[in-house]
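Mind docking chain S on chain A? Use the hints.
2 protein chains.
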Amino acid sequence: MQKIGKQTIQFNCPPSITSTACIVGPKEAQGPLAKYFDKCLEDEFWGEKTWEKAESKIIKETVNMVIAKSGVPSSNIDYCFAGDLLNQCISSSFGLRDLNIPFLGIFGACSTFVEGLILSSIFVEGGAGNTSLCAASSHFCSAEKQFRFPLELGNQRPPTSQWTVTGAGSAIISKTGNGPFITNATVGKIVDMGIKDANNMGAAMAPAALDTLITHLKDTNRKPSYYDAIITGDLGHIGKEVVIELAEKEGFNIRSNYNDCGVLIFDKESQDTHSGGSGCACCGSVFSGYLYDQLKSKKLKKILLIATGALTNATSSQQGESIPGIAHAVSIEI
Amino acid sequence: MQKIGKQTIQFNCPPSITSTACIVGPKEAQGPLAKYFDKCLEDEFWGEKTWEKAESKIIKETVNMVIAKSGVPSSNIDYCFAGDLLNQCISSSFGLRDLNIPFLGIFGACSTFVEGLILSSIFVEGGAGNTSLCAASSHFCSAEKQFRFPLELGNQRPPTSQWTVTGAGSAIISKTGNGPFITNATVGKIVDMGIKDANNMGAAMAPAALDTLITHLKDTNRKPSYYDAIITGDLGHIGKEVVIELAEKEGFNIRSNYNDCGVLIFDKESQDTHSGGSGCACCGSVFSGYLYDQLKSKKLKKILLIATGALTNATSSQQGESIPGIAHAVSIEI
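Chains as they are written, first to last, in my numbering: chain A, 1 to 334; chain S, 1 to 334.
Pulled out of the complex, with its shape left as it was, chain A reads as follows (with noise of 0.2 Å):
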């Protein structure tokens, strides 16, 4: 592999993505992709006490599933990478805890899945390994409880804010096999415009989407019609006007290709989302379930995948802060 430009890095022998999985919730299974995702879910507890043991067990089992799609023995999987939005991130440590499998936590809240897909690509065509997994989860209970009000409140909720998605989503990358590829990775740098409203996570975020976007562009000196698709992770409806607006600005004109997972994964009329969805698997189920589809059955052969996070807490909310926001960038291509 090799760095060009300012923070893009090309693969010389392109990782391929062998085998993905996710399971969703039941609001997940009333939106439009219902038909990607390999488990739909009937309730948000699926047997567990708690939501936190139910997110738990979505990403233990989303990461059983890939595995055994793959066809890959476990002990043949080198490094297993994953992440999530609660707290010290136990819905991968405890959902994973059982695994075997060498283990790094890493934390991008929602950009986490495409960063597992950035770290798995490189530990696998530097020669730490063969093979890798990535994995990352959410859960609209336990991160409503965690970011914002309990449930059992029935607080209202703004027009700009979005959905939580409760699924998980996982890959299996390997240095070989027959694609899709991860051809160009493109690292993000933190962005914070200053955006305080907690409850417009998509405006907080589109600027480093925006960034990553630009930088990725400008570092493979290509044009936003190379890829037959762009998505950005979570930026829901609001944040995706933001993103379009702003590269036509810097002279980037993406609205015929351009799409965001939180604005696919629910239907915007029915399901009363408002500005779409978001968290880890949002990203992660709409990858690996729809998109990895359509890269599959080359309906669509070239990607752009920018997962964002908003790199922010309950805490930091109460004392005053803004919202920094991280994008990171795969191409995917077949």
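None of these hints come from the bench; they were simulated from the model.
Among these hints, one or two may not hold up.
[To be verified] List time: in silico BS3-like cross-link candidates among lysine-lysine, alpha-carbon distance up to 30 Å: (1) Lys299/A with Lys175/A; (2) Lys145/A with Lys39/A; (3) Lys3/A with Lys175/S; (4) Lys3/A with Lys69/S; (5) Lys39/A with Lys268/A; (6) Lys49/S with Lys145/A; (7) Lys196/S with Lys145/A; (8) Lys49/A with Lys145/S; (9) Lys145/A with Lys145/S; (10) Lys196/S with Lys49/A; (11) Lys6/A with Lys69/S.
[To be verified] If you only want the chain S side, here are some residues facing chain A, beta carbon under 7 Å, derived: (12) Gln2; (13) Ile106; (14) Ile122; (15) Ala128.
[Unchecked claim] Covered stretches of chain A (chain S as the covering partner; in silico rule of three or more C-beta atoms under 8 Å from a C-beta of chain S): (16) 2 to 16; (17) 47 to 53; (18) 77 to 88; (19) 181 to 190; (20) 313 to 323.
Note that the Cβ used here is the ideal one computed from N, Cα and C, for glycine as well.
Only chain S this time, still in chain A's reference frame:
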């Protein structure tokens, strides 16, 4: 690089740790390693209004210091890996938001510093860049508030408890340099032996440290005596004794050359920290201060640094969960 044995990476062109820096709090300044720290604070707030903001300032200034010491312009640093113990790692993301270096958030609880050394080494040797930075922080007051009880309560601490180090450590890892060099890395697995006592983290993490130690020795075909020193991250007095005993049962005598950063950083008799130090900054500051000095002056020529993490949080303890541990190791030689 190549993988040797089960979990170990051998670097063919070992990356060099070209600079380190550390800042610690007032209690650490009274300990036996005070003279090795770059800066000792007079109080826990450092002019900030909250402990969280103080912790952010500590990691920010530590990173600024390591960059200044290295003489490398920050625009030439390709990646920053950082993490901490605060919910959603806000110490790192707020402290480093103006850094303008591509940022990858990591979470390994108190093993975070060594996780950063490993990822930096793999990025640099793999060809993703020439120079990488890693950092980790913790703060006694923000950690007590978040994980245990409000400090104002004046709660009694049980004898097995450890004292979270206030401070941060940071290192710059480069493709070229005069060493010390990172020659091997062993990525740990999550190990959960069912210990539930959140006031005895040393015992909870000791089995993970042992697992990584023995795996490393077997993978590299080395005896403990290969190293001038084997140093764990923050097992403290109790965890250290557990590791010595468990290692002996497995046929490895480490009594003569093994110690722990949590034992080294505070004076057992005079400082009343019970079982010793803990936190991301324990291993981070003891390595960046004391151990790096010993390596540069060749008083130690070969060390194995094994940072340990307890992958737990306040909610999981309340829900009756046990404490999964993890440990990552790097061998550092000059």
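* Restraint check, 7 Å cut-off on beta carbons, for Ala128/S near chain A -> The hint holds - Ala128/S has a Cβ within 7 Å of chain A, the shortest such distance being about 5 Å.
* Hey, Lys49/S versus Lys145/A, does the alpha-carbon distance stay inside 30 Å? -> Given pair Lys49/S, Lys145/A holds - Cα atoms ~26 Å apart, limit 30 Å.
* Asked: Given the hint that Lys39/A pairs with Lys268/A, does the C-alpha gap stay at or below 30 Å?
  -> holds (22 Å)
* For the region 2 to 16 of chain A, does the count of residues with a C-beta closer than 8 Å to a C-beta of chain S reach 3? -> holds (count 4)
* To do: Mind checking the alpha carbons of Lys299/A and Lys175/A for me, to see if they're no more than 30 Å apart?
  => holds (24 Å)
* **Given coverage of the region 47 to 53 of chain A by chain S, tested with a Cβ cutoff of 8 Å and a minimum of 3 residues** => holds (count 4)
* Is it true that the CA of Lys6/A sits at most 30 Å from the CA of Lys69/S? -> holds (23 Å)
* Asked: Counting residues of the region 181 to 190 of chain A that have a beta-carbon nearer than 8 Å to any beta-carbon of chain S, does the count reach 3?
  -> holds (count 4)
* Asked: Keeping to a limit of 30 Å between CA atoms, is the pair of Lys145/A and Lys39/A held or broken?
  -> holds (25 Å)
* Asked: Going straight from one Cα to the other, do Lys3/A and Lys175/S come out at no more than 30 Å?
  -> OK: Lys3/A and Lys175/S at ~14 Å, within 30 Å.
* Asked: Measuring from the C-beta of Ile106/S to each C-beta in chain A, is the shortest one below 7 Å?
  -> Since the shortest Cβ distance to chain A is 6 Å, the answer is holds.
* **Pair hint Lys49/A and Lys145/S, alpha-carbon separation not exceeding 30 Å** => Within the cut-off at roughly 26 Å; holds.
Going down the numbered hints, you'll see the structure goes against none, and every one checks out.
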